[in-house]
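Visitor: Chain by chain, the residues run as shown.
8 protein chains.
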Amino acid sequence: MTNPQVGIIMGSKSDLRVMKAAAEVLEELGVTLELTIVSAHRTPHRMTEYAESARSRGLKVIIAGAGGAAHLPGMVASMTSLPVIGVPVKSSNSIDGWDSVLSILQMPGGVPVATVALDGAKNAGILAAQIIGTFDETVAKNIDVFKVQLREKVEQTIQEVERDGWRHDPA
Amino acid sequence: MTNPQVGIIMGSKSDLRVMKAAAEVLEELGVTLELTIVSAHRTPHRMTEYAESARSRGLKVIIAGAGGAAHLPGMVASMTSLPVIGVPVKSSNSIDGWDSVLSILQMPGGVPVATVALDGAKNAGILAAQIIGTFDETVAKNIDVFKVQLREKVEQTIQEVERDGWRHDPA
Amino acid sequence: MTNPQVGIIMGSKSDLRVMKAAAEVLEELGVTLELTIVSAHRTPHRMTEYAESARSRGLKVIIAGAGGAAHLPGMVASMTSLPVIGVPVKSSNSIDGWDSVLSILQMPGGVPVATVALDGAKNAGILAAQIIGTFDETVAKNIDVFKVQLREKVEQTIQEVERDGWRHDPA
Amino acid sequence: MTNPQVGIIMGSKSDLRVMKAAAEVLEELGVTLELTIVSAHRTPHRMTEYAESARSRGLKVIIAGAGGAAHLPGMVASMTSLPVIGVPVKSSNSIDGWDSVLSILQMPGGVPVATVALDGAKNAGILAAQIIGTFDETVAKNIDVFKVQLREKVEQTIQEVERDGWRHDPA
Amino acid sequence: MTNPQVGIIMGSKSDLRVMKAAAEVLEELGVTLELTIVSAHRTPHRMTEYAESARSRGLKVIIAGAGGAAHLPGMVASMTSLPVIGVPVKSSNSIDGWDSVLSILQMPGGVPVATVALDGAKNAGILAAQIIGTFDETVAKNIDVFKVQLREKVEQTIQEVERDGWRHDPA
Amino acid sequence: MTNPQVGIIMGSKSDLRVMKAAAEVLEELGVTLELTIVSAHRTPHRMTEYAESARSRGLKVIIAGAGGAAHLPGMVASMTSLPVIGVPVKSSNSIDGWDSVLSILQMPGGVPVATVALDGAKNAGILAAQIIGTFDETVAKNIDVFKVQLREKVEQTIQEVERDGWRHDPA
Amino acid sequence: MTNPQVGIIMGSKSDLRVMKAAAEVLEELGVTLELTIVSAHRTPHRMTEYAESARSRGLKVIIAGAGGAAHLPGMVASMTSLPVIGVPVKSSNSIDGWDSVLSILQMPGGVPVATVALDGAKNAGILAAQIIGTFDETVAKNIDVFKVQLREKVEQTIQEVERDGWRHDPA
Amino acid sequence: MTNPQVGIIMGSKSDLRVMKAAAEVLEELGVTLELTIVSAHRTPHRMTEYAESARSRGLKVIIAGAGGAAHLPGMVASMTSLPVIGVPVKSSNSIDGWDSVLSILQMPGGVPVATVALDGAKNAGILAAQIIGTFDETVAKNIDVFKVQLREKVEQTIQEVERDGWRHDPA
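If you read the protein sequences in the order shown, they are chains A, B, C, D, E, F, G and H. Going by the working numbering, the first sequence opens with residue 1, and the numbers climb by one from there. Going by the working numbering, the second sequence opens with residue 1, and the numbers climb by one from there. Going by the working numbering, the third sequence opens with residue 1, and the numbers climb by one from there. Going by the working numbering, the fourth sequence opens with residue 1, and the numbers climb by one from there. Going by the working numbering, the fifth sequence opens with residue 1, and the numbers climb by one from there. Going by the working numbering, the sixth sequence opens with residue 1, and the numbers climb by one from there. Going by the working numbering, the seventh sequence opens with residue 1, and the numbers climb by one from there. Going by the working numbering, the eighth sequence opens with residue 1, and the numbers climb by one from there.
One or more hints might be untrue.
Unchecked claim - Using C-beta positions, here's what the derived DEER-type ranges look like:
(1) E:THR2 <-> H:HIS168: 43 to 51 angstroms
(2) B:GLU24 <-> H:SER56: 38 to 46 angstroms
(3) A:ARG17 <-> D:VAL148: 48 to 56 angstroms
(4) C:GLU155 <-> G:THR36: 47 to 55 angstroms
(5) F:GLN149 <-> B:GLU24: 34 to 42 angstroms
(6) D:ASP144 <-> C:GLU27: 25 to 33 angstroms
(7) A:ARG17 <-> F:GLU52: 35 to 43 angstroms
(8) B:THR36 <-> A:THR2: 37 to 45 angstroms
Said to hold, decoys possible - Footprint (simulated), chain D over chain F, 3 or more residues, beta carbon under 8 angstroms:
(9) 91-100
(10) 114-128
I should point out that these hints are in silico values taken from the structure, not numbers from a laboratory. Computed from a predicted model, the values in this text were never measured in an experiment. Here a beta-carbon is modelled for each residue, glycine too, at the ideal position from N, C-alpha and C.
All chains should be built: construct the whole structure from the sequences, respecting the hints.
Guide: Shown next, in the form of structure tokens:
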């Protein structure tokens, strides 16, 4: 296998339920990836090591998911010049996700985190692929195909509604 | 001048006050850019044209700023495979910025927008440079220098506080 | 069947569960309608086509439902001079509905969306009928009858409570 | 003067600062209007009278603005079959406008209020004109012209930015 | 039976589930009451009649419960000089109760509603009894006894925890 | 002077700016009052003494204003059987008033606080008078007169708007 | 058994479900504790007695948990010079926990409460142990061991993910 | 000077305006302190060094202030067994302080931060002194004196209000 282009990390194994969607869509789009657990608050040295070695190990993008007072994406962003995508996770200890969103999004000037929607791991994967696609034509084409498929899936439901009528229960 | 690598767009000229920080930091980091006004709600066809031609015109990243019911970043993202960075602007018609943040951040699965902090145009510029820097070594080095300067500015204030003492009024 | 007077659209088939209430009440009020899927982010060209042809196809009102970063109602409103009614849907990817509400309601000056309550598709249907009723006496009378029925249903529960007493379990 | 087609009401004279924008845009769009003060909480009988006589007096649409616990739009809607547009006003006694928005928007099933953005009186006027325009070709054309002007104003700012460059201070 | 001193009203029979707690505690405290359905939006004339006749019918306090855009308590308060207690109900169409709370609490100057906690019908009943108790010594004594019982119930749980230890599962 | 019927307390002298409106309207309505400073957190014993002696000193109602983590109204309510009206104050250390509102409103079952709008001291005074008015005909009549005056003030602004037209600047 | 160093109190026995985590972790860290029920609103005198005798009884830290309008932590803090840790409990009568958090956190100048996360009783226990650990070397060492164990548990999940791969369902 | 017992750190010099209140009250309470700038995102290695050496350098408590996505308090807490007090700062880039509060408060199980009110640096200082006071009798006595002074300042304002009357303007 070629070197991973995208590193996916998350604060706890329980976030894997949400975060695996990022890995799945990256595979679908032809982007290599690695996935592991890095906790900002329980393994801070591992986090430093991960962030500081990421570029030299060949990673192009880091996707970091966390919930509650979610410090992992921002702290990793402070220790690498790679783009970091943050996924706010609506974990069990979160106040409806607001803490996750705000503690990832509201980074100070100088240290951006590319934040996606609450539990939006799939979109984090697509965004990472789009970043790879800025210089990799194959991935860019895969994204174009992916977008066509999105449209085609909608077109299929249009036909279903036309065929079945709106009274038909979608369940 | 070489072709612009980053396109910066915003819904109204009044957003320029916030959004010019993106242009300034891109220049500082050695990334070429263009900047113009594109309104999702008042010039929808211009928006379509801008989004659909962006990749073929050579752009690598689009930065889109908007406030209130902020549809520009998400709509542009729906019509290009380039990474789109969204800047929620706390415009005069916004409810403390919550509408701007949520209508940019909470994109549905399939169409990500890389959202930065409220009025975080500077970070949008840095993030765009980081994306360029994944394949452009010169820009990557500029970002490394930029991060060192961030640290050095903090170190200078540390010395000021040590020299002047905490009783000294910072104003 | 006569031409539809009201067009009901929604971003995904899963919104049909909520949005069909608009169609049901329009039928009850004697207003003709069509219903289909139009996604702002996955079928942007279809959206443009739908919005721009709506008036010439004879539609009088458009009802658009969407959740999360809900751009469909506002984008359609930007491309037609017909009144557009927006239904914020509390979809699974929404933060308690706040994103749906704010990204539909907070439209900039010049491009209104007539927003109804979260998941308020029934009220969207009634509002569309009220608009038709401004120039169609039959529909206006149907609305008057509908309002009488609302009152009579309440009066029936008043009698039930009087008959059964408040200790009676309403379940 | 012909009979007014749109009635604009508000809870207190201090709301006139916000609400006059509705009257101005209606005039611009060639729609006749009346404007007065009706307070849900201080003149409840006047409110009932206004709402119940509105249709027979020839009004086609009512625009009602109120702030804080804003009951005027919803109560008027309960006593007429005309479409009622609600304008949440960010009055001095409001909690950042959230109370105004929620107490107008979240109407129960059966009694819709077409809610526009916080302080969105201009959009309320345009929406009222769009409703008139569903059966009045002249008004419909005025709205089309209005939308063209919106676009042209944006196009003018595009030229200004191109001419002056983004470094030019817009202030 | 003596005349009711407290009138309990609510917008819909589905609120009875929450509101019956007010009736129960009033009975326990020796205060007479009546309970019925009055809808601000579906029976506005009944509401006016109820509010305006309340004092002359001998009522001393009105308790009004409603959810969503909850106009009943405030509108009743505008048409009577009796104290009105508002109970925000977390109904199914409410955004986590915020709309119910704000549209009852944030009344304009001149027309107070005594608001209690979300779904706080029991406290509404106690508050009504406290108001009766300002001039009725028997009721005042019943409240004193009630408060002693509150304390005694806590004291009993203290003994249970002491006896069973904190490891004991309270379920 | 007769004994005070209403006791107005607040946590700090800086709240007097807001709270004096309660005293003013009580005077206007012919209700006797006392006003002083009682801090839940800085003079807890004074608070206990005030609350426990209130009924025996002849008070009928207590109005308590506080901001931030506002414990005064609820704690006083826990130590008296008199009705306690709470005024959430938007003090300088408050988060837009949300803390003041929620820490007064959301009392547990058994201990109600009659909460009024943020900074709603005037309404607290009126509510206290309404409570006195349940057994004092003179005060009840004063409230009726007060409500008539509210209506007449609105009627005067109606005439002003009719006379001056809506184009007239209200400032 | 030696004297308890930490006193854990809560407003109602139903909070024990959340609060026992504080006791468990204190035991694990070798800190002695007591746990009982103290209600600010139903046993105010018991609260005063508890708070005022705490230091002389040998307690070093008080942990207080409460929900809704949560006054217990702040009131206890007003009557002792010991550090008081507040645990906002997401009780059944709470609005998503916001009331609990704000009424504990937002204490006025002079009377701090050390607030932990919503339902964060475990962290309250650890924080209390950290405070004991500032002067008790044994407890400090236990905390160091505890932190190592936190890290080791994460390291174990890292190995599990490496062994099983990210496709492995964590459930 | 004796070794500092409390270390006060903050992310940027602009936070000194808020954070100096912690230093002032610590001096007043006889606790030694140091104060410097440590930025989580711009000097992450300095932060690690500061946190890991804090206990061995003799510090007993760390006070950390930060705004926006405020990671400093939580990250320091992850790397020391000392108690860490977090001060959410309402900085210019914060959304009304909500991001600051939530990203400090909502720490995951295992790593507590003792959070005080928004901009509550004074209370952070008092809390630190209370922690020192658990084993230092002199400091404990200073806190008792401080609390008496708090009460006496209130008592003085009580006399002022009694002397001047509530009509007297406090400004």
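Visitor: Identify every previously stated hint that the structure contradicts and give their numbers, smallest first.
Guide: 5, 7
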